[in-house]
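S.K.: We have chain A already, so just place chain B on it with the hints.
Listed here are the chains, written in short residue letters.
Number of protein chains: 2
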Amino acid sequence: MTTIKDVAKLAGVSVATVSRAINQSGYVGVDSAQKIEKAIKKLDFHPSEVARSLYQKKSKLVGLLLPDISNPFFPLLAKGVEDKMNEAGYHLILGNVQEDMAKEQDYLKAFMQNNVAGILSAVDGGTSNLKEIPFVLLDRVATKKEYAVHGNDFEGGILAAKTIAEGSPKEIVLLVGPKSIKGSVERLKGSVSVFKEENLTYQLLQTDSFQFDSAKKASLELFEQFPKVDSVIASNDVHGLAILKEALRRGIKVPEELQIIGYDDIPFSQMVYPSLATIAQPAYEMGYKGAELLCRIMENQPIDKKIIQLPVLLKQRETLRKKE
Amino acid sequence: MTTIKDVAKLAGVSVATVSRAINQSGYVGVDSAQKIEKAIKKLDFHPSEVARSLYQKKSKLVGLLLPDISNPFFPLLAKGVEDKMNEAGYHLILGNVQEDMAKEQDYLKAFMQNNVAGILSAVDGGTSNLKEIPFVLLDRVATKKEYAVHGNDFEGGILAAKTIAEGSPKEIVLLVGPKSIKGSVERLKGSVSVFKEENLTYQLLQTDSFQFDSAKKASLELFEQFPKVDSVIASNDVHGLAILKEALRRGIKVPEELQIIGYDDIPFSQMVYPSLATIAQPAYEMGYKGAELLCRIMENQPIDKKIIQLPVLLKQRETLRKKE
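First to last, the protein sequences are chains A and B. All residue numbers for the first sequence refer to numbering that gives the first Met the number 0, where the first residue is 0 and numbers rise by one. All residue numbers for the second sequence refer to numbering that gives the first Met the number 0, where the first residue is 0 and numbers rise by one.
Hints were generated in silico from the structure; no laboratory data involved. Source: prediction; values computed, not measured. By construction, the Cβ of each residue, glycine as well, lies at the ideal position given by its N, Cα and C atoms. Treat the hints with care, since some could be wrong.
Derived DSS-like pairs (lysine-lysine); straight-line CA-CA distance at most 25 Å [stated by the list, open to error]: (1) A:K108 to B:K78; (2) A:K59 to B:K108; (3) A:K108 to B:K40; (4) A:K216 to B:K314; (5) B:K83 to A:K102; (6) A:K78 to A:K37; (7) B:K314 to A:K108; (8) A:K108 to B:K4; (9) B:K216 to B:K181; (10) B:K108 to A:K8; (11) A:K40 to B:K216; (12) B:K305 to B:K288.
Computed list of chain A residues with no C-beta within reach of chain B, every gap over 10 Å [unchecked claim]: (13) V29; (14) K59; (15) D105; (16) T142; (17) L247; (18) K314; (19) Q315.
Stretches of chain B that chain A covers, calculated by requiring three or more beta carbons in the stretch to come under 8 Å of a beta carbon on chain A [to be verified]: (20) 90-104; (21) 135-148.
Pulled out of the complex, with its shape left as it was, chain A reads as follows:
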């Protein structure tokens, strides 16, 4: 492997001069700079990021914490993060927490040991001891002191309830996401505000996870506990799809006998028949903007807003009854 010594030798300058040139710190004469550049090209020299990291006390690595990589919402979010970080010259260390708090702490420790320049996290958790490292929450809100990019959950809850209300619901069931996640609570508040305004009765079905296993379980519980249900607001698309499948399996006509709306707009929601109506969160954009915000923090640039709230959008598809 080519080292900095080889470059110095070929350029006829000292190692310290090459180091200053590479790290753009301190004075390097124009002549020397040109010689070094030529030598670097000729030797196809790639300065080790590890050495650079130690020298500059920060690396070109950024940690990314995801709650569940198998839910397609998060790969989309990750893609957004990755595209922006690539543009900015950073690379991602992946931490897939799988809704496991202990794993989260392990990852945060590993991120710090690898001297990451910043962290992006889509996990609600104990990150309060990271004050020294630039940190941005994705798809989550914590305190007003933290940096975050998330969808407007309250508005999403309102949109979902208004849409369901238009399809003459007689028995509404609202699946509530994990209570520990603030977004779930906000969505619930939004939906309930609509039901109260429109004098609609509703039932709640509490779920403890956004994952696949929970979705299957909830789809069975739903029809056992509420056999007359004719309208469902699902906690996410994975749950919405599981309920759609279970309804069709039971011979329930969708949307005539049961209308369903999901949350997130994962690609699969368009790939089923009838296609799943949903409240779209801009996953890719959320990742991209979160990464952009983190870059500004890492590079000490001025920040307009610590918390960026992205608009959500109704996707009117085939699981909704028409307005009568």
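M.R.: Then chain B, alone, in the frame of chain A:
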């Protein structure tokens, strides 16, 4: 932040001694070792991975290249990789190539600059210049010289064709995956061998990607080019699901008028109605075993097999016609 100097001071030994103790290289007296251990605990000292990486000339980071993180097959694979790597104390730098060759080269360069201890790649591509870094291919076969863990594609092709043959097919269409991917070619060979043996005629529909956009396009092309198709072997589950949706949208009865079999067994294949029959590849196991193999290479342990071929499995679901 606590440094190695703080530990040395509290333990009453030299920095070099602490360094030897941490890196388990060279002699450290029993007394000193105990004092160092106590000091490390008391100060809650975490040796910087960056410093350790530079010292040991290798890091605890491993690069993971994926072709398309939005296809749920790959997050499952990544989960398997991650679980094994976590056990072994490594962390992953993620590279999502999105079927883009230039991005692949950028990631490989970044992996090397970050001094990764090894690389896992589920991407077919130009990795021949990485001879010095331990390298394992996932879900791909290249040359017999390389390390790889992959499913038995030829057998998968045979299984898919035999299954379709049992449902009295009159017009079979086989979607062929990208030609550049050896697995696609192997599956095609396997299926064709069955069709020849059973004297069945078949049509081919070439696709150039395994991604979502390609799936939607292929599902439209399929019914335009082959309006009488009654049996489809899809190149992967994403394509199988797109075809299922398009068939239902057109009022085609599945499986009575059209039977479909996919490939991979992503979680969503069970979440549609009728559920998609498929050839299951053990994605999680593939990732886990690939990571295991890489660990053995990185740690210079003896290797039984350079190429591990995992069995595939038929998932008999609702998109298949019964044997007559």
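S.K.: Please go over all the hints and tell whether each is borne out by the structure.
M.R.: Hint-by-hint comparison with the structure:
1. A:K108 to B:K78: Measuring from Cα to Cα gives roughly 19 Å; hence the hint holds.
2. A:K59 to B:K108: holds (13 Å)
3. A:K108 to B:K40: Holds: K108 (chain A) and K40 (chain B) sit about 15 Å apart, inside 25 Å.
4. A:K216 to B:K314: holds (21 Å)
5. B:K83 to A:K102: holds (13 Å)
6. A:K78 to A:K37: Given pair K78 (chain A), K37 (chain A) is violated - Cα atoms ~36 Å apart, limit 25 Å.
7. B:K314 to A:K108: This hinted pair is violated, its Cα atoms lying about 41 Å apart.
8. A:K108 to B:K4: Given that 25 Å is the threshold and the Cα spacing comes to 20 Å, the pair holds.
9. B:K216 to B:K181: It holds: about 23 Å lies between the C-alpha atoms, which stays within 25 Å.
10. B:K108 to A:K8: Answer holds: K108 (chain B) to K8 (chain A) is near 24 Å, not above 25 Å.
11. A:K40 to B:K216: violated (44 Å)
12. B:K305 to B:K288: holds (12 Å)
13. V29: holds (27 Å)
14. K59: Incorrect as stated: the minimum Cβ-Cβ distance to chain B is 8 Å, not above 10 Å.
15. D105: violated (7 Å)
16. T142: Holds, because the least Cβ-Cβ distance between T142 (chain A) and chain B comes to about 24 Å, which exceeds 10 Å.
17. L247: Given a closest Cβ separation of 4 Å, the condition is violated.
18. K314: holds (16 Å)
19. Q315: holds (17 Å)
20. 90-104: holds (count 8)
21. 135-148: violated (count 0)
The structure is inconsistent with the numbered hints 6, 7, 11, 14, 15, 17, 21, although it conforms to all the rest.
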